[in-house]
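S.K.: Note that the protein sequences, when read in sequence, are chains A and B. Residue 757 is where the first sequence starts when you use the working numbering, and the numbers rise one by one after that. Residue 9 is where the second sequence starts when you use the working numbering, and the numbers rise one by one after that.
Incorrect hints may have been included.
Here are the simulated DMTMM-like pairs of lysine to aspartate or glutamate, each with C-alpha atoms no more than 25 Å apart in a straight line [to be verified]:
id, chain 1, residue 1, chain 2, residue 2
1, A, K819, A, E1014
2, A, K910, B, E253
3, A, K819, B, D121
4, A, K910, B, D40
5, A, K910, B, D34
Quick caveat, the hints were computed from the structure, so don't treat them as lab data.
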Amino acid sequence: MALSTEARPATGGVGAAPPAGPRRRRSASRPNWLAGALATLWLVIVGTPLYLMISWAVQRQDKFTDNGPLAPPTHPTGFNFTYVLDQGFSTNLLVTAQVTAASVVLTLLLALPAAFAIVRSRSWLAGSAFRIFLLGLAIPAQAVIIPVYLIIIKLQLYDTLLAIILPTVAFGLPLGILVLAGSLRDVTSEMYEAMAVDGATPLRMFVSLVLPLSRGSITAVGIYTGLNAWNGFIFPLVLTQSPNRRPVALALWNFQTEHGLNTPALMMAVLLSAVPPFVLYIFARRWLVAGLAGVGGR
Amino acid sequence: MLPAALFFLFFAVFPLVLVVFLSFTDWNAVGDPKFTGTDNWRRLFTSHDVLSSLGRTFFLSALCWATQTVLSMGIGVWSAGKQRNRAVLSAIFFVPLLLSAAAVALTWRSVLDPNFGLDASFGHWLGRVDGLNLLGRDAGALAAIVLVVSWQFVPFHALLYQSAARNIPQSLYDAATIDGASRWGMFRNITLPQLRNTIVTSSTIMIVGSLTYFETVLLLTDGGPGGATRVLPYVMYRTGFTNYELGYASAIATVLVLLGTGLSLLIVRFSGFASMRSTLEGM
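Excised from the complex, chain A in its bound form (with noise of 0.2 Å):
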């Protein structure tokens, strides 16, 4: 599985790229036990919470305590799929969806434009911004959370959805903007001349030329600013309350504090908060990885 190959077109001149060799590993002369020893023990740690979730969540809470934590669901049963969304769950499925579109669609028309102007402008204003941003990946969310919370309050709109959604926005468009620009970079100036001789405005250039050609990144950047909004759990915890309001990693939360012993329906509701995300991996995956590979090329 080529990964971080598979990658490369979409976050290539991100930063300083590493010496570029042959992909080609050293071909396995002998088999690393050790290694492959050490392999299995992280799966099993891996999988074992990933088995118990799913287990666990198509069970009945009687059965689950009466058999125990290990024992396999005999009789998988529907059940807490019901009586989770019942809960209200289905309200904070469609809050999270309308919230990670709203981010997505925010950030991509946000980072565009900037990650153009930043490649194709040589004014000093452009390059400076670049600077503010690349700061910008080293602001942690958690450490501002109280200015952010004050300035949520005075703009009014604390416990709406807009007040998740800004500083959702906000915090991830340094990052897109840096995968964004570093695939902007690959369009040679030769292909913009071209364009200019024909007599293109800027916006013709950058609907004709840029956006198709940078088709990858804008995947990969769409997808990992939907994945971070998908699972946002400190701006709703902080500047949202209603419970109407809530996305489902806060709802997990709160779910977990009035349902603490009902094992099973919790783990059906973490199972179908993280549905949307798997699906995403299943069709998507080298989106998604080239979307969190971009952290580590700057």
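Take the given structure of chain A and dock chain B to it, following the hints.
M.R.: For chain B alone, kept in the frame of chain A given last:
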């Protein structure tokens, strides 16, 4: 360009300045912050809670960093190989990255639950009737946090190491094989130096992350048992949003910002020379 820059300045850079200002005020979320001079800072430097949680934060960060670095480097380098079984396994290793911090912490909390989870089963196997009670002991709760944080973030760092390991020129390994180098020797003399840039990047992300991150602590142990896992960002969150002492919490947040940026600058500075040398080594 301009919209993005303004947006970013307003929601991400401006808060950096604002948090320092707020640290000199008294604010309880109702009304406006009132300027109180250095009161919060004086209180912070004499607070036993803050100072002890600062030590705990450093200890936990160091533990998380060491565990994650060893694991993610090992898994990353291992999964850089093109063997089919490695590809399949690393696709599974990636799955925790899809889950939210809340989902991860709450799943592990159920797994480690002393009554219904694996904690009791493991305890029985090891001959302890009451179970291990991992989350109920000081050291156990710290270990649980290291375990859960690693479980959640190792896949990401392994990904960084994997792509870096794939970019190491094969010729270096070929030459070493001719010289009769052992597998360990090749790892120490080729792989490790070549991964130096990635070690810096990954370590910076890990350290700044674990200094400011509190979701796992909040959901897994809630600072317990008996305050054993009260790390500084957790204290900031509770001070700010449970006690609504937002001015004082801003002073703690300022310390977090300073620690985070200070440490990452330090790491980059120390490794600056090293990273220049590594690209030339053996070429």
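S.K.: Is K819 (chain A) close enough to E1014 (chain A), meaning Cα to Cα at most 25 Å?
M.R.: Within the cut-off at roughly 21 Å; holds.
S.K.: Need the status of pair K819 (chain A), D121 (chain B): alpha-carbon distance at most 25 Å?
M.R.: With a Cα-Cα distance of about 17 Å, the restraint between K819 (chain A) and D121 (chain B) holds, given a limit of 25 Å.
S.K.: Would you check the hint for K910 (chain A) and D40 (chain B), treating anything up to 25 Å between C-alpha atoms as holding?
M.R.: 10 Å, holds
S.K.: Assess, step by step, whether the Cα of K910 (chain A) is no farther than 25 Å from the Cα of E253 (chain B), and give holds or violated.
M.R.: Holds, because 18 Å separates the two Cα atoms, which is no more than 25 Å.
S.K.: For a C-alpha distance cap of 25 Å, please report whether K910 (chain A) and D34 (chain B) respect it.
M.R.: 17 Å, holds
Hint check: no violations occur; every hint is consistent with the structure.
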